[in-house]
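> Below are the chains, spelled out letter by letter.
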Amino acid sequence: MTISSQFPLLTKSNHVITSPKDQSYNCIAWSLKFNACWFWPSAFPAYWPIPHNGQATLATFSAMYAHYGYTLTASFTYQPNFARIAVYVLNGKITHAAYQVNEVMWASKLGSEEDILHELHALDGPTYGQPLHFFEKLV
Amino acid sequence: MVLTSESRFETNSNTFNSFSRIRNQIASYSVSRSSGFTNTINTEKLLTQLFVDTRYTSDPSEISSHPNFTLIISQGKSANPELLEQINEYPMICCLLLQRINPDNQFEVSPMGGLRDLVSKWKEWAKSKNDDF
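For the record, the sequence lines run as chains A and B.
Numbering follows the working numbering, with no gaps: position 110 of the first sequence is 110.
Numbering follows the working numbering, with no gaps: position 61 of the second sequence is 1061.
Source of the hints: derived by calculation from the structure; they are not laboratory data.
As the structure is a prediction and not an experimental result, all values here were calculated from the model.
One should not assume that every hint holds.
Said to hold, decoys possible - Derived pair list, reagent style EDC-like, types lysine to aspartate or glutamate, alpha-carbon separation capped at 20 Å:
#1 Lys33(A) with Asp1117(B)
#2 Lys21(A) with Glu1085(B)
#3 Lys21(A) with Asp1104(B)
#4 Lys33(A) with Glu119(A)
#5 Lys93(A) with Glu1089(B)
#6 Lys93(A) with Asp1059(B)
#7 Lys21(A) with Glu1089(B)
#8 Lys21(A) with Asp1059(B)
#9 Lys21(A) with Asp1117(B)
Bound-form chain B, shown alone (with noise of 0.2 Å):
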């Protein structure tokens, strides 16, 4: 078989993708396989039942003296990417969160737009982190 420059650069790239999917399914496998797996589940439940109890209240401080939200800070960075993948859905309760989780995060951002500016931001953030967590 007669490679050309193109055909080349493609079959490098199938081989690339099927690497990457091998890779990722490995990945995900092991994923399933740890206590990182559960963390997520948990995550999610204890996050969906934190919102259901504080949904009516405009109180911070009634959102973070649930036991559900110290639990989640106690499962530490784990609870990082669940956190993210929520944030849209419940923005006010991710971002005490994640802020409580990662101390060191310390956005910017225009008072007024407040929630929304830093939702971008922990977007942007966990973007330039890939699953790096």
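Next comes chain A alone, as it looks inside the complex (with noise of 0.2 Å):
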């Protein structure tokens, strides 16, 4: 399973990597800049700061968002005073979320692999799907 298989749009041009591999924290986590813990609605030793159910879905990512101030948006255009986090989907089902940097590039954590930055849609394929649920908040 090699790197191009999983995410098919990935090139030298339109990534970079900017950390070493660390299975001590998850894209969701890194959404949020935190690189301790793993985030997802799930039982010890997973982390969710709120209460939940169990169930990754648009409600409980929302609400888990909206604990740290951030709204659903339909907006993704970069604005220096707003940071936005784009949250992907593949069948319905959430995989993976980054945050905005700047006009091009987002930063994710490539689940137990390395964080890089990319361009939105350098992720979508067949591992996360696409990003179709975005979140801001004014900074």
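Put the two chains together into one complex; each comes in its own frame, and the hints tell you how they fit.
So this is what it looks like as structure tokens:
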């Protein structure tokens, strides 16, 4: 299972690796810039900051991001005064999240692997699906 | 030969070290001939494949529903040494497995730094148990 088969749109020119591999945290934690815990609505050792029903639904994620001040939005155009998060969905299931860095790049933690900077759609494909939901907060 | 208390201590210490070395050699030979060694190799292979297959997922249920997860669980406590050996490399997977295999071990850790704290707790536990799995 190579990275190119998992992420066929990821190329040398549209991403850069920004950290070593680390299984101590995951993409959802990293979308909020936490790097010491594994965010998922599931039993310990996963962590979820609010009560949950164990279902990884948009409602569960919306409530979690709302806990940190984020609301759902349709916009993903870069604005320096907004922090934005993209949530990826595959076959109706939430798979991944990334935070916006600038006009072009988003920051992701690839599961247990590295952190990368990438273009929004560079991770589209059979592993994470597509970025379907966006959250934002005024900073 | 006259033994001072110091040299006697040294001799005793050397004897002890030699004895320990021989004991360890016997132990490793025994382990290499036992199914435990085979288990260790299998656990390592199963763990590596489990990691490769689930390395891009965030959902712990995808990890625990992988066939290798079930196979490692079925090894019971004999999988503990290899899981503790690999816990730095695969903290999430190893902590999930160790919790299932050793349900009596409930460590209190801070939720936000949970995984790293949990790894430390398992390592402390391993140290306290030495080879006594």
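> Taking the hints in turn, state whether each one holds.
Now the hints, each set against the structure:
Between Lys33(A) and Asp1117(B) the CA atoms are separated by roughly 19 Å; this keeps the pair inside 20 Å, and the hint holds. Of the pairs offered as hints, the one joining Lys21(A) and Glu1085(B) holds, with about 18 Å between alpha carbons and a cut-off of 20 Å not exceeded. The suggested pairing of Lys21(A) with Asp1104(B) is violated, with an alpha-carbon distance near 31 Å, which exceeds 20 Å. Simply put, Lys33(A) and Glu119(A) have alpha-carbon atoms about 18 Å apart, close enough for the 20 Å limit, and the pair holds.
A C-alpha spacing of about 28 Å is found between Lys93(A) and Glu1089(B), which places the hinted pair above 20 Å, so the restraint is violated. Simply put, Lys93(A) and Asp1059(B) have alpha-carbon atoms about 10 Å apart, close enough for the 20 Å limit, and the pair holds. Taken as a hint, the Lys21(A) and Glu1089(B) pair is honoured in the structure, with Cα atoms around 9 Å apart against an allowance of 20 Å. A C-alpha spacing of about 18 Å is found between Lys21(A) and Asp1059(B), which places the hinted pair at or below 20 Å, so the restraint holds.
The suggested pairing of Lys21(A) with Asp1117(B) holds, with an alpha-carbon distance near 18 Å, which does not exceed 20 Å.
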